[in-house]
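Sequences listed follow chains L and Y, in order. Note that this note's numbering numbers the first sequence so that position 394 is 394, with each residue one more than the last. Note that this note's numbering numbers the second sequence so that position 86 is 86, with each residue one more than the last.
Simulated from the structure, these hints should not be mistaken for lab results. Just to be clear, a hint being listed does not mean it is correct.
All copies of an identical chain are treated as equivalent in the list; a pair is satisfied when it fits inside any one copy or across any two copies.
DSS-like, lysine-lysine: derived pairs with alpha carbons at most 27 angstroms apart [unchecked claim]:
hint : residue 1 : residue 2
1    : 447       : 543
2    : 33        : 400
3    : 492       : 326
4    : 385       : 443
5    : 33        : 326
6    : 33        : 385
7    : 157       : 267
8    : 410       : 499
9    : 144       : 546
10   : 33        : 392
11   : 400       : 326
12   : 480       : 326
All of these numbers come straight from a predicted model, not from anything done at the bench.
Spelled out from the first residue to the last, the chains are:
Number of protein chains: 2
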Amino acid sequence: MSQYPQSPLMGQMMHQPLLISSIIEHADRQFGKNEIVSRRVEGDIHRYTYRDCHRRARQMANALRALGVKMGERVATLAWNGYRHMELYYAVSGSGAVLHTINPRLFAEQIAYIANHAEDQYLFFDMNFLPLAEAFAAHCTTIKAYVMMCDRDRMPKESKIANLLCYEDLIDNNTDDYVWPLFDENSASSLCYTSGTTGHPKGALYSHRSTVLHSLASCSPDGLNVSARDVVLPVVPMFHVNAWGLPYSVPMTGAKMVFPGASLDGKSVYELFEQEQVTFSAGVPTVWLGLLTYVGQNNLRFSSLKRTVVGGSACPPSMMKTFMHKYGVETVHAWGMTEMSPLGTVCTLQSNHLTMSEEARQAILEKQGHTIYGVQIRIVDDNFKELPWDGKTFGNLQAKGPWVISSYFKGEGGDVLQDGWFPTGDVATIDAEGYMQITDRSKDVIKSGGEWIGTIDLENIAMSHPAVLQAACIGIAHPKWDERPLLVVVKKQGADLTKEELIEFFQGKIAKWWTPDDVTFVDELPHGATGKILKNKIREQFKEYKLPTA
Amino acid sequence: MSQYPQSPLMGQMMHQPLLISSIIEHADRQFGKNEIVSRRVEGDIHRYTYRDCHRRARQMANALRALGVKMGERVATLAWNGYRHMELYYAVSGSGAVLHTINPRLFAEQIAYIANHAEDQYLFFDMNFLPLAEAFAAHCTTIKAYVMMCDRDRMPKESKIANLLCYEDLIDNNTDDYVWPLFDENSASSLCYTSGTTGHPKGALYSHRSTVLHSLASCSPDGLNVSARDVVLPVVPMFHVNAWGLPYSVPMTGAKMVFPGASLDGKSVYELFEQEQVTFSAGVPTVWLGLLTYVGQNNLRFSSLKRTVVGGSACPPSMMKTFMHKYGVETVHAWGMTEMSPLGTVCTLQSNHLTMSEEARQAILEKQGHTIYGVQIRIVDDNFKELPWDGKTFGNLQAKGPWVISSYFKGEGGDVLQDGWFPTGDVATIDAEGYMQITDRSKDVIKSGGEWIGTIDLENIAMSHPAVLQAACIGIAHPKWDERPLLVVVKKQGADLTKEELIEFFQGKIAKWWTPDDVTFVDELPHGATGKILKNKIREQFKEYKLPTA
């Protein structure tokens, strides 16, 4: 695999491939009695240990062998965060097959497209997805059988799916006498499709090496900082970039794992936090919005939660402040992509920051942060010329590293890299200390009079207004300036706010020419399958909009 | 390199080799302004940044190229912990040559043996080692030139060494225009000889891959737990297993680095801790003994120190308690070997331990801990049969992992591995939770009546007596029991203690048949070049000793 020259003198160290199976083996040997707790889609709470998980993963690996699954073949899952899904993470990848996690929030036709493109051989699904599975199964051409992740007595009497198997039957019918195979660490381990807003979804095909290296780096104190003293609840779904790698990095550390299942509403997440004394969680801003709303409305506190990592979209500074100042929960900004496994940067402070004023520290923490070791970033102009790290200059953000894709599965999208760098599609600044801040998606940036206006800043200011629940900013065609910003706003329930008041609110907070030309209020904003606001839908909706300044 | 089969489907991730040069590049890009502070052998304090270090390492890489150093060739250092030594870590390994760190506490003949065995091409030394270098230079057959690590005006007018170069001349005469070469990550990076107590020293030849993986794993919260908020002072020397990897792991995190130079006495280390506000340090028990004695005698406190890692030898529980209870400094036990890069286990607690009594937690913390991800351990009997993890059964400790050697440099010592495992030469127990405790070196264990007595326990009990400064326990031939324990003790200055009182002190603390048969008081114990007590010397000294019980 390596195209690099060897030294005349090679090291004399043990050569062990970096394989995903080694993670669950480590968790079993060193932390065998530590717990994995799951809120099941069946409604109850399930508890067992890393040792149990490893045993059942080996049983499932035997089951996959009996089903005829071969190295490199894809096995799909359509499931929430739970212990059976975790077993499949290890059973499928550990045995040399490729785990393909599918987002169940996609439409049936999209799922069928992805499953066919991936040539999935089997598909495992949570029992509540039976109707969805029945809807797309007829369109899937490569799947030999479907496995419903439940006990025998929960299986339907009859189903439109002919070849329907029961997960617990597969476990029961196989022994745990299984030795994880050793193979080249660059072998494919898992496949995750990006929910591209345009064109067909494209697959990121991870390797065992990239996954293990990503996990090692993400455990570090300036990464996700997970230790054996933590209780971790990944709110970010296991079908979304492998829950940011937590099903791998958490067993590496021996921390107790808590899976929330399908219930991601504020009340359910809060109750699980308290019941299991969760210390660390990770998710996208929309989930935290629900949680903070519930906690605020009911005058609750967090008794164990110490740290949340926020990624997927920029965390509104107002949310960060609420977590930190009202509830004493450290909130850490992270940035990444499906194409990056996903972790690229994390925003943590350095020793020389600790004596700064709180405002100065807060200003740093609102950025997306510096790279963790392994990832390199840079900003370039449209001619790929590198731009300065001055905290002001905008540029197209590129990334590099051993857990960044080199191309998409089956070559979709052609040559992706630009001079060896992956173009992230984000627009960002990087300051002299190396802290990166996303100012926009390159397709969302507003081009006004030849200059760029970043929409994230405008949205953050709008969302810091006490009457605003959500805000999205888009460019609207303008006869003089090409584009000018329109702010699309969802007000908080019962709040009173005029467009003039909101525009006034921007004064002194931003360059005058960045101020939105207009505000429009809506009942809700369109969200995609991963919870992100779909700006292309909003642009579509407002494509005929006439600005008062036009 | 990989002898493992490839999957029919390989991952589509960027393939970047894990190279040591990437660490200093990361530190420069992301933490370029963070400081490296060195107490120089010249006597003053030197300050600069990671960016400066990277620039000068590139200048030195050009200098090495100009000197004709080729990939795989060995370049030796004989130096304390300081910024120039750090530059060589990156310049030598980063350019593809092999950094050979030599322990200056060895005798001149030993150094010459090692340098000849390694076929070192150049040797860099701190200016205070000039007399030592002059003593061994005549016996070194492969070294083309010697480089004294100082400014031009510190160079001697004349020297017995004909080919003597000046470090700062090499820097000044070369530009920083140097691009780190990319090569196979299994290429040799550095070489470290073990100070074997018998036979010739043997070399552990690390690779770039093993070094980077070791650094990544050792950064983790349950490893050395170094973050960008730390100020790190490695007391453990850079000539001793690469200062436990800190010159690699610290730049990975961006923490401020503080190098103590040659002054490792309690006063010097304490002053540097306070002056630079050090939060984290790592070293062997003998150094901490000096520090604690100084701090205790002068009624001082640590104003910034939060955590020390203790390795090399077992940390006496009394020392651990003094650090934790008297000074509030967390003391973490670690275990490793030169042959393991060195980190194998670290003793940290898990979430379920946090509610235990302080005594119960302390009992865990006195063990050597559980493995960090990447390392596997097991205990076996003399027939290599695996022994149970019950916290009681003694066995020969074996280890495995990507940063464990597979053989010694040039095949010294022949086939080292036993069934794929590295025999550590330690005797240990492992408990049901996976916590390992060294009970002895296999050659130090006392065989009494067919059973084993671990000497470390006996030494720890002796050292918990307020009148005891140091203690070593050895087996003395006994007509009935084969061997029985003799305790060799150094009393604290001015302390009053009889052998009867000390033997009485063991009552109730240990199985009766483990109690030493006799005690003898000495003025000092012999120490080796890495600060460890040399038991073979003590055994030699007492080989004619007659026990009163014989």
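These are the hints, each one checked on the structure:
1. 447 / 543: For residue 447 and residue 543, the Cα distance is within 27 angstroms only inside one copy (16 angstroms; across copies 87 angstroms).
2. 33 / 400: between (38 angstroms within a copy, 23 angstroms between copies)
3. 492 / 326: within (19 angstroms within a copy, 54 angstroms between copies)
4. 385 / 443: within (19 angstroms within a copy, 63 angstroms between copies)
5. 33 / 326: Close neither inside one copy (35 angstroms) nor across copies (34 angstroms); limit 27 angstroms.
6. 33 / 385: Close across copies (24 angstroms), not inside one copy (53 angstroms); limit 27 angstroms.
7. 157 / 267: So residue 157 and residue 267 fail the 27 angstroms test inside a copy (34 angstroms) and across (79 angstroms) alike.
8. 410 / 499: Cα proximity of residue 410 and residue 499: none, with 48 angstroms in one copy and 78 angstroms across.
9. 144 / 546: For residue 144 and residue 546, the Cα distance exceeds 27 angstroms both inside one copy (53 angstroms) and across copies (79 angstroms).
10. 33 / 392: between (50 angstroms within a copy, 19 angstroms between copies)
11. 400 / 326: Neither way: residue 400 and residue 326 sit 38 angstroms apart in one copy and 47 angstroms across, limit 27 angstroms.
12. 480 / 326: For residue 480 and residue 326, the Cα distance exceeds 27 angstroms both inside one copy (45 angstroms) and across copies (72 angstroms).
The structure does not agree with the numbered hints 5, 7, 8, 9, 11, 12 stated previously, though it agrees with the rest.
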